[in-house]
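Asks: Top to bottom, those sequences are chains L and Y. The first sequence: position 98 = 94 (the numbering used here), numbered continuously. The second sequence: position 107 = 131 (the numbering used here), numbered continuously.
The hints are simulated quantities; they were obtained by calculation from the structure and are not laboratory data. Hints may be right or wrong, so weigh each one.
The list that follows gives simulated cross-link-like pairs (lysine-lysine, DSBU-like), each with its CA atoms no further than 35 angstroms apart [claimed, not checked]:
#  : chain 1 : residue 1 : chain 2 : residue 2
1  : L       : Lys9      : Y       : Lys121
2  : L       : Lys66     : L       : Lys(-1)
3  : L       : Lys67     : Y       : Lys121
4  : Y       : Lys27     : L       : Lys53
5  : Y       : Lys121    : L       : Lys66
6  : L       : Lys49     : Y       : Lys93
7  : L       : Lys49     : L       : Lys9
8  : Y       : Lys133    : L       : Lys66
9  : L       : Lys51     : Y       : Lys27
10 : Y       : Lys93     : Y       : Lys27
11 : L       : Lys(-1)   : Y       : Lys93
12 : Y       : Lys121    : Y       : Lys93
13 : L       : Lys67     : Y       : Lys27
14 : L       : Lys53     : L       : Lys(-1)
15 : Y       : Lys27     : L       : Lys49
16 : L       : Lys53     : Y       : Lys76
17 : Y       : Lys121    : L       : Lys51
18 : Y       : Lys133    : Y       : Lys93
19 : L       : Lys67     : L       : Lys(-1)
20 : L       : Lys53     : Y       : Lys93
21 : L       : Lys51     : L       : Lys9
22 : L       : Lys66     : L       : Lys53
23 : L       : Lys(-1)   : L       : Lys9
24 : L       : Lys67     : L       : Lys53
25 : L       : Lys49     : Y       : Lys121
26 : Y       : Lys121    : L       : Lys14
27 : L       : Lys14     : L       : Lys53
28 : L       : Lys14     : L       : Lys49
29 : Y       : Lys133    : L       : Lys51
30 : Y       : Lys76     : Y       : Lys121
31 : Y       : Lys27     : Y       : Lys76
32 : L       : Lys(-1)   : Y       : Lys76
33 : L       : Lys51     : L       : Lys67
34 : Y       : Lys121    : L       : Lys53
35 : L       : Lys49     : L       : Lys66
36 : Y       : Lys121    : Y       : Lys133
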Amino acid sequence: DVKVTQSSRYLVKRTGEKVFLECVQDMDHENMFWYRQDPGLGLRLIYFSYDVKMKEKGDIPEGYSVSREKKERFSLILESASTNQTSMYLCASSLPGQLAKNIQYFGAGTRLSVL
Amino acid sequence: DAKTTQPTSMDCAEGRAANLPCNHSTISGNEYVYWYRQIHSQGPQYIIHGLKNNETNEMASLIITEDRKSSTLILPHATLRDTAVYYCISKEDQGGKLIFGQGTELSVKP
Chain L
-3 DVKVTQSSRY LVKRTGEKVF LECVQDMDHE NMFWYRQDPG LGLRLIYFSY DVKMKEKGDI
57 PEGYSVSREK KERFSLILES ASTNQTSMYL CASSLPGQLA KNIQYFGAGT RLSVL
Chain Y
25 DAKTTQPTSM DCAEGRAANL PCNHSTISGN EYVYWYRQIH SQGPQYIIHG LKNNETNEMA
85 SLIITEDRKS STLILPHATL RDTAVYYCIS KEDQGGKLIF GQGTELSVKP
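Let's have the full structure, built from the sequences with the hints guiding it.
Replies: As structure tokens, then:
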């Protein structure tokens, strides 16, 4: 089974802090994604990566950056956390290919609270 | 990507089949239908996908109408652990962004 592991289930941070959310997958997937999920807004794509050192902006990249130095690891960085970044953050991975990239495997999520 | 419409919520008795409908009347010829579910406090989980033909795997069956305007996800013997929000997604095979709508909240009751 594919395993996508997010480093923390719950995080509480202060406004202005730099926050790192880590995601590791063990199935050698090329594609990795970061979403946030908010009530009434569904999942929104923040960033994604199709390969090591590659990154593409999603729908809501403002206030975030990412790092993919190794194939199995995709990090989401909140440069200066703000209260409107309080959310559930979900990492996902998939194989490449026309069909496979839409079959995504998700981690359990990190619930981040910014105070 | 085609817009999908699902009922907000459904109940199902434990051990019975759960039939979850999805309307995707604007679907184009190249768009697949994907189903995911999200159990409370967990990440979404892929279930099944299809284009034209009915599909079955170890988790569920997917029935797609001949005109492809709607589909039904079938959980043949629902258990309490199947209580979750089920999402029907219709998209073309371009890009990796998944668009989750509001989904159907399925409650499996003893």
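Asks: For the pair supplied as a hint, L:Lys49 and L:Lys9, is the alpha-carbon distance within the 35 angstroms limit?
Replies: Holds: L:Lys49 and L:Lys9 sit about 27 angstroms apart, inside 35 angstroms.
Asks: Would the hint linking Y:Lys121 and L:Lys51 be met if the CA-CA limit is 35 angstroms?
Replies: Given that 35 angstroms is the threshold and the Cα spacing comes to 14 angstroms, the pair holds.
Asks: Measure nothing beyond the straight line between the CA atoms of L:Lys(-1) and Y:Lys93; if it is 35 angstroms or shorter, mark the hint as holding.
Replies: holds, 34 angstroms
Asks: Within 35 angstroms, alpha carbon to alpha carbon, are L:Lys(-1) and L:Lys9?
Replies: Holds. L:Lys(-1) to L:Lys9 sits at ~27 angstroms (cutoff 35 angstroms).
Asks: Just to be careful, I want the Cα atoms of L:Lys51 and Y:Lys27 compared with a cutoff of 35 angstroms; is the pair within it?
Replies: Roughly 28 angstroms between the alpha carbons, so the hint for L:Lys51 and Y:Lys27 holds.
Asks: Quick one, are L:Lys(-1) and Y:Lys76 close enough, alpha carbons at most 35 angstroms?
Replies: holds, 30 angstroms
Asks: CA of L:Lys67 to CA of Y:Lys27, is that 35 angstroms or under?
Replies: holds, 33 angstroms
Asks: Next pair to validate is L:Lys53 with Y:Lys93; report whether the Cα-Cα distance is within 35 angstroms.
Replies: Distance of about 32 angstroms is within 35 angstroms: holds.
Asks: Can the restraint linking Y:Lys133 and Y:Lys93 be considered satisfied, given a maximum Cα separation of 35 angstroms?
Replies: holds, 30 angstroms
Asks: Does the structure keep Y:Lys27 and Y:Lys76 at a Cα separation of 35 angstroms or less?
Replies: holds, 17 angstroms
Asks: Y:Lys121 and L:Lys53 were given as a pair; does the straight-line alpha-carbon distance stay at or below 35 angstroms?
Replies: Distance ~11 angstroms between Y:Lys121 and L:Lys53 Cα, so the pair holds.
Asks: Given the hint that Y:Lys121 pairs with L:Lys14, test it: the Cα-Cα distance must not exceed 35 angstroms.
Replies: With a Cα-Cα distance of about 26 angstroms, the restraint between Y:Lys121 and L:Lys14 holds, given a limit of 35 angstroms.
Checked against the numbered hints above, the structure breaks hints 6, 8 and 29 and satisfies the rest.
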